[in-house]
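Residue numbers (numbering that gives the first Met the number 0), protein chains in the order written: chain A, 0 to 431; chain B, 0 to 431.
Just so you know, these hints were derived from the structure itself, not from any lab. Some hints here could point you the wrong way.
Intra- or inter-copy, both count: the list cannot distinguish identical chains.
Stated by the list, open to error - In the DSBU-like style, the derived pairs of lysine-lysine whose C-alpha atoms are separated by at most 35 Å in a straight line are:
1. Lys-321 - Lys-246
2. Lys-52 - Lys-246
3. Lys-133 - Lys-52
4. Lys-133 - Lys-246
5. Lys-246 - Lys-71
6. Lys-321 - Lys-133
7. Lys-321 - Lys-52
8. Lys-321 - Lys-71
9. Lys-71 - Lys-52
10. Lys-133 - Lys-71
Computed from a prediction, not measured in an experiment: that's the story for all the values here.
There are 2 protein chains.
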Amino acid sequence: MAASDSTSVEAAPNLVAAVSESRQWDRIAQMARLGGFTDADGHHGVNRAALTKLDRDSRRLLLSWALPLGLKPSVDVLGNLFLRHEGTEPGAAAVMAGSHMDSQPNGGRFDGIWGVLAALEAVQAIREAGMATKRPIEIVAWTNEEGGRFAPGCMGSMAWSGHRPPDTWNDTRDGDGIRFGDELAALLAAEADIPRRPLGIVEGPRPFAYVEPHIEQGPLLESEGLDIGVVTGIQGSRWFLVEIEGKTDHAGTAPLSLRRDAVQDMVRVINALNALMADPTDVLRFTVGRIEVGPNSSNTVADRARFTIDFRHPDPAVLLPKGDAIEATVQAALTTCRATVTERFHALPARFDAMVQDTIEAAARSQGLTTRRMPSGAFHDAQFLVPVCPTGMIFIPSRGGVSHHPAEYSTPAQVANGARVLAQVLATLANR
Amino acid sequence: MAASDSTSVEAAPNLVAAVSESRQWDRIAQMARLGGFTDADGHHGVNRAALTKLDRDSRRLLLSWALPLGLKPSVDVLGNLFLRHEGTEPGAAAVMAGSHMDSQPNGGRFDGIWGVLAALEAVQAIREAGMATKRPIEIVAWTNEEGGRFAPGCMGSMAWSGHRPPDTWNDTRDGDGIRFGDELAALLAAEADIPRRPLGIVEGPRPFAYVEPHIEQGPLLESEGLDIGVVTGIQGSRWFLVEIEGKTDHAGTAPLSLRRDAVQDMVRVINALNALMADPTDVLRFTVGRIEVGPNSSNTVADRARFTIDFRHPDPAVLLPKGDAIEATVQAALTTCRATVTERFHALPARFDAMVQDTIEAAARSQGLTTRRMPSGAFHDAQFLVPVCPTGMIFIPSRGGVSHHPAEYSTPAQVANGARVLAQVLATLANR
Numbered sequence: 000m001a002a003s004d005s006t007s008v009e010a011a012p013n014l015v016a017a018v019s020e021s022r023q024w025d026r027i028a029q030m031a032r033l034g035g036f037t038d039a040d041g042h043h044g045v046n047r048a049a050l051t052k053l054d055r056d057s058r059r060l061l062l063s064w065a066l067p068l069g070l071k072p073s074v075d076v077l078g079n080l081f082l083r084h085e086g087t088e089p090g091a092a093a094v095m096a097g098s099h100m101d102s103q104p105n106g107g108r109f110d111g112i113w114g115v116l117a118a119l120e121a122v123q124a125i126r127e128a129g130m131a132t133k134r135p136i137e138i139v140a141w142t143n144e145e146g147g148r149f150a151p152g153c154m155g156s157m158a159w160s161g162h163r164p165p166d167t168w169n170d171t172r173d174g175d176g177i178r179f180g181d182e183l184a185a186l187l188a189a190e191a192d193i194p195r196r197p198l199g200i201v202e203g204p205r206p207f208a209y210v211e212p213h214i215e216q217g218p219l220l221e222s223e224g225l226d227i228g229v230v231t232g233i234q235g236s237r238w239f240l241v242e243i244e245g246k247t248d249h250a251g252t253a254p255l256s257l258r259r260d261a262v263q264d265m266v267r268v269i270n271a272l273n274a275l276m277a278d279p280t281d282v283l284r285f286t287v288g289r290i291e292v293g294p295n296s297s298n299t300v301a302d303r304a305r306f307t308i309d310f311r312h313p314d315p316a317v318l319l320p321k322g323d324a325i326e327a328t329v330q331a332a333l334t335t336c337r338a339t340v341t342e343r344f345h346a347l348p349a350r351f352d353a354m355v356q357d358t359i360e361a362a363a364r365s366q367g368l369t370t371r372r373m374p375s376g377a378f379h380d381a382q383f384l385v386p387v388c389p390t391g392m393i394f395i396p397s398r399g400g401v402s403h404h405p406a407e408y409s410t411p412a413q414v415a416n417g418a419r420v421l422a423q424v425l426a427t428l429a430n431r
Numbered sequence: 000m001a002a003s004d005s006t007s008v009e010a011a012p013n014l015v016a017a018v019s020e021s022r023q024w025d026r027i028a029q030m031a032r033l034g035g036f037t038d039a040d041g042h043h044g045v046n047r048a049a050l051t052k053l054d055r056d057s058r059r060l061l062l063s064w065a066l067p068l069g070l071k072p073s074v075d076v077l078g079n080l081f082l083r084h085e086g087t088e089p090g091a092a093a094v095m096a097g098s099h100m101d102s103q104p105n106g107g108r109f110d111g112i113w114g115v116l117a118a119l120e121a122v123q124a125i126r127e128a129g130m131a132t133k134r135p136i137e138i139v140a141w142t143n144e145e146g147g148r149f150a151p152g153c154m155g156s157m158a159w160s161g162h163r164p165p166d167t168w169n170d171t172r173d174g175d176g177i178r179f180g181d182e183l184a185a186l187l188a189a190e191a192d193i194p195r196r197p198l199g200i201v202e203g204p205r206p207f208a209y210v211e212p213h214i215e216q217g218p219l220l221e222s223e224g225l226d227i228g229v230v231t232g233i234q235g236s237r238w239f240l241v242e243i244e245g246k247t248d249h250a251g252t253a254p255l256s257l258r259r260d261a262v263q264d265m266v267r268v269i270n271a272l273n274a275l276m277a278d279p280t281d282v283l284r285f286t287v288g289r290i291e292v293g294p295n296s297s298n299t300v301a302d303r304a305r306f307t308i309d310f311r312h313p314d315p316a317v318l319l320p321k322g323d324a325i326e327a328t329v330q331a332a333l334t335t336c337r338a339t340v341t342e343r344f345h346a347l348p349a350r351f352d353a354m355v356q357d358t359i360e361a362a363a364r365s366q367g368l369t370t371r372r373m374p375s376g377a378f379h380d381a382q383f384l385v386p387v388c389p390t391g392m393i394f395i396p397s398r399g400g401v402s403h404h405p406a407e408y409s410t411p412a413q414v415a416n417g418a419r420v421l422a423q424v425l426a427t428l429a430n431r
C-alpha cells in the first residue's frame, strides 16, 4: 500500500470489499437506541447528552465491538476515548480518525456517532483484509462536541490540542446545576478499567494526520447527486451578545417621543446589522437566533433587550473587518438606549491540509464515487486539529440538508461509501 | 349645596377644612404596609394582588375606619365592596366614588388605593362638616382592577356594568394554578358578615354619577406645575398577538437565501408596523413589549417568533382604521414565513361626561387650585361606568410620571388637594 507520491492511492479491492454495509448500519441502529425517541412526525431521533449515563453506555457499546478485534483502548483526562490499531513501525506517529458520540437534545442518529462507527468499520476492514500498516491508526471519540448540555462544544478536542487548558470548564454547569468537572470525574471513575493516556499534544506526540467523517448537514451533495464531499475547511465564526438597556414606561401613557424603548432600539440595531452583513454572494452567514426582552410584559415599554449574533464566513478578509464593525454598527443604530456588545467566541477559518484532501478525493474516485470540494458551515472537532497535524474531513449526503433533528438521515449505501473511502484513506496515510 | 345649574358649585369652606391631610396620609401609609416592601433603590413599594390575604386585610382595614363613621358596608357577588353614606331623599340614585385596592406586583403606594381612601376622606369630611346630602354617596372598591394576578383587569367593574357575565373568569388561573372562582368564593366566605347586595346595574339601580380619583401615571401635571387634572376620557386600546412561523436551520450551514427565519420576518413586520403607526402629533401609543422566540438558540435559525402589540388612541377615527390595518400590514411585510394575527382586546375610547368634568373643574377652581383637561392613557374602572351613568375622573400629579413602580409618589398636599376637590364634587352631585 506504499504510495508513490503524497497524493496517489492504490486501488484496494480487498479492503473496499471488507467494509460491511450491513454491519455498520446495524451498529448505527444499536447506538440510536441509546437516547432514542420517536417524534410527532414519526422520525427516530436521539437525545444523548455528553457525560450522561447514555453517553457512558454508548462508549461501552463501542468497546464491546472494538475490544474483540484486538484494538487497545485508552482515555485521557478530558474523557476523550481512543481505540488503537498497532502499526508495524515502532514509534511512528499515528493516523487518527473519529468524531463524537454525544448528540443534540433533539438530535438525529448520524451527527457525530457515524464518524466514530465509520472509523471502527474502516479499521476493522483493514484488519480483516489482512493489511498491516506502518503507522498505528487511532479511532477517537471526542468528549462533548455538541455543547448542548455543557457549553461550549468541542471541549475534548480543544483541550487535546492545547487550545484551552484542561481544567477550563470544571465549573461549567448544565441546566440542572450539575458541574462539568463532577460529571467528567464520574465518567473517568466509571472507566477506571481503561488505561489512562497523556492528554493530546499537551502531554504526548503529534499524530501524523487526522481524518473526520461526518454527514454534510447541508443540501449540496444531495442536490447535486454526489457521493462524497472533500472538505476544504471550516468557515470562521464570531459570536456576539448584544445587551440593550432602556427604561420601562406605561404603554398607555408614555409618549413615544419620550421613551427609551429597548425593543425599538433592538429592531433598529438588527436593521443596521442586516445592512452591514448584506452579501449578494450568499456565502456569509448571519443569524439572530436568541432574543430576550424584559420585563416582557405586553403593556410595559421594555427596558432590556438581549440578542445573540452568530456570524460566519470562510474568508478572514470578510470575517475580521465585518466582525470588528459590529460594535460600532450597534452603537450608531441606537437612538435612546445604551448597549454593550460582547464577543463570546472567535474562531478563525480553518483550512484543511491539501495532501489529506487530495488523498480523500483520489480514494473516492478510485472507488468510482463522485466528489466535490466544499467548505463546512458547521463546527467540528477537526478545526482544533488543523494547527496540530494534516487534517481533513469526509462528508456524505444528508437528506434534505437536515441535521440536529430527528429527520436527519443518510442511506445505508451513503454511510457505507463514506466508510469505504475512509478505510482507503487510512490505509494510505498509515503507510506513508 | 343645591346648585343653580348643572355645572356651578358653591364654595364650601367648612367642607374643605374638614378634609384632613394628615389623616389621609396616615391611612395611605397604613395601607402601604399590607404588601409593602423596599426595593434596591430604597423606594417603598407595594405588592398586594387581588383576592390574596393581603387584599382581604386591606378591606378589613378600610372597614375599621368606615364602620365607626356609620357607613353601611355591602359586597356583591364579584367582591366589589361598597360603603354607603345615606341621603335624605328616599330612593334617590346614589353618587358613587372610589377605585381599587389591589396593586401591581412591583407596584406603588398610590395607584388605586388612594382613590378609595380619598372617597372615604371626602365622605368623612362631608359628615364631619355636618352636611346632609339629598342623594346617598357610595364609596366603592372594585375587585381586581390591575389584572396582575388574574388577567384581565377591571373584572369587578366589567361584571358590575354588565360588560361581561359575572361567571366569565371563574376558571381563570393565576401563576400558581389557583382558580379565580375559588379565590372569589374564599373572599365572600371570609366576608359573610358583610351584607350581600345586588350586582350593579345587572341586578340593581343605576347610580346618578361616578367619580374616580387617581394619580395621573404620567408627567403632564407635574411638568406644567398644575394641581388637578380634569380627565376628559380614556383612550381606546386594541391589543394583538402576532405569531410568526418559519423553519429552523443550522446557523452555520443554511444559506440566507434559503432560510425561513422567523426573527428576520418579525423585524420586517415591526418595521412595517412602525411605519403604519407613525404619528407626528405623538398622541398615538404603539408598543411591542413582549417577544418570544423559538427555539431561542444562538446557533439555530428561529422557526417561531411571537410578539404583542399594544395600540392606543383617544380618537376612534384613528384607532379603528389603523387597528384594522395591522393584519394586512403584517402579512405584506413577511417574506418567507407565515403569520397569524389575533386581536385579544378591543376597547373603544371612553368620553367622560361634560357635566362631571365641569363640576370637577369648578370645584377645583373654587378652591384656588389650577387645572387642565387631559385624557387618560391608562385603563381605569371608570371606563366601564361610562355607558352606565355620568362618569368622570380626578387626576393628581405623579412625581416623574412614574407608576406601577415603588418610586410612584404624590405629596401629602397633592393627595389632600385631590380629596378636597372630590369632597366638594360629591357634595355638589349628591345635592343635584
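Here is how each hint holds up against the structure:
1. Lys-321 - Lys-246: both (30 Å within a copy, 26 Å between copies)
2. Lys-52 - Lys-246: between (46 Å within a copy, 32 Å between copies)
3. Lys-133 - Lys-52: neither (37 Å within a copy, 81 Å between copies)
4. Lys-133 - Lys-246: Neither, since 68 Å and 49 Å both go past 35 Å.
5. Lys-246 - Lys-71: neither (62 Å within a copy, 44 Å between copies)
6. Lys-321 - Lys-133: neither (47 Å within a copy, 77 Å between copies)
7. Lys-321 - Lys-52: neither (43 Å within a copy, 57 Å between copies)
8. Lys-321 - Lys-71: neither (47 Å within a copy, 73 Å between copies)
9. Lys-71 - Lys-52: Result: close within a single copy only, 23 Å intra versus 69 Å inter.
10. Lys-133 - Lys-71: within (17 Å within a copy, 102 Å between copies)
Consistency with the previously given hints fails for numbers 3, 4, 5, 6, 7 and 8, ordered from lowest to highest.
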